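A.B. asks: Sequence:
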Amino acid sequence: MLELAAYGARRRFKGALALSIGLSAFSALYAAFFPSFQGTLDIEAYVEALPPVFVEAFGLRAFDTIEGFLATELYQFAWVILLGLYLAYSAASLIAGDVEDGRMDLLLALPVSRARIVGERYLSLVPGILVINVVVAAVTWVATRAIGYPIGTADLVIVHALSLPYLFACAAIGLALSVLADRASVAQRAAMAVVFGLFLLESLVSSTDYSWAGAVAPMRYFDPTAILVDGSYDLAGAAILTGATLALVAGSQWYFRRKDVN
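Just so you know, we're using the numbering used here here: the sequence shown kicks off at 525 and counts up by one.
Quick caveat, the hints were computed from the structure, so don't treat them as lab data. Be a bit skeptical, because a hint or two may be false.
[What the hints assert, rightly or not] What follows is a list of derived Cβ distance ranges for each label pair:
| hint | residue 1 | residue 2 | range |
| --- | --- | --- | --- |
| 1 | VAL666 | GLY539 | 17 to 27 Å |
| 2 | ALA639 | SER560 | 47 to 57 Å |
| 3 | GLY775 | THR677 | 17 to 27 Å |
| 4 | GLU527 | ALA549 | 33 to 43 Å |
| 5 | TYR734 | GLU527 | 24 to 34 Å |
| 6 | THR732 | ARG669 | 34 to 44 Å |
| 7 | LYS538 | THR732 | 41 to 51 Å |
| 8 | VAL650 | ARG782 | 38 to 48 Å |
| 9 | VAL666 | ARG782 | 48 to 58 Å |
| 10 | PHE561 | VAL636 | 25 to 35 Å |
| 11 | ALA542 | ARG707 | 21 to 31 Å |
| 12 | ARG669 | LEU526 | 33 to 43 Å |
Just so you know, these numbers come straight off a predicted model, no measurement behind them. Virtual Cβ for every residue (Gly too), placed ideally from N, Cα, C.
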């Protein structure tokens with residue numbers, strides 16, 4: 525069982541480790557920069573001068589605290605945007621890449637169902653996502669203590685734990701587009717466009733009368749600033765993201781079972 529998932533996870537391990545190191549370097553750099561940044565600017569005046577949409581999109585609150593600073597610089601930007609885009613892009617090649625290269629014909633010749641192929645291809649992303657979260661959380665915990673501005677351990681653990689449903693949802697969007705397209709490049713571009721488009725949609729409508737439209741955006745249900753600054757945990761949002769992920773994966777399996785693979 526799960527042989528396809530294990531094989532895919534092994535192939536992706538080096539990439540996940542490299543990404544973990546890169547994001548950890550960003551985290552350590554931001555932490556090292558914070559003490560010199562804290563006393564050099566009138567933070568409140570700086571934030572008030574920014575457009576409200578920008579402030580809302582990047583969760584610019586309590587920017588003069590290590591929690592608010594990392595929530596904006598690391599989690600709102602690197603986690604919500606960059607990592608979400610990367611996972612959607614990566615997942616978009618899971619099925620379309622095999623179809624395009626002809627490897628899917630070999631897989632379909634094996635005694636495995638199409639639904640299992642889709643499901644295990646998606647599961648191959650899970651170990652890498654977990655590795656990234658564990659490594660970056662550990663580095664962030666150490667780095668903030670090294671500079672004398674320790675971030676709360678519980679809040680740090682929870683922000684990474686609650687990021688998992690969000691990241692899995694972004695990957696599920698990529699998977700869905702991967703079964704819809706026959707070319708990996710098309711699916712990858714579409715996945716990045718969809719995830720970034722949803723981020724823009726949520727940013728633009730969140731403070732308007734049309735905020736209901738942003739309910740389709742996974743970013744609405746994961747707010748690092750609320751977790752780190754306010755200690756507020758959106759468990760209902762995590763449940764919604766989990767349900768959406770399961771629905772997207774199940775829908776991808778259903779569609780691929782009926783798709784004519786050429």
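A.B. asks: For this structure, which hints from the list above don't hold up?
C.D. replies: Numbers 3, 5, 8, 10, in rising order.
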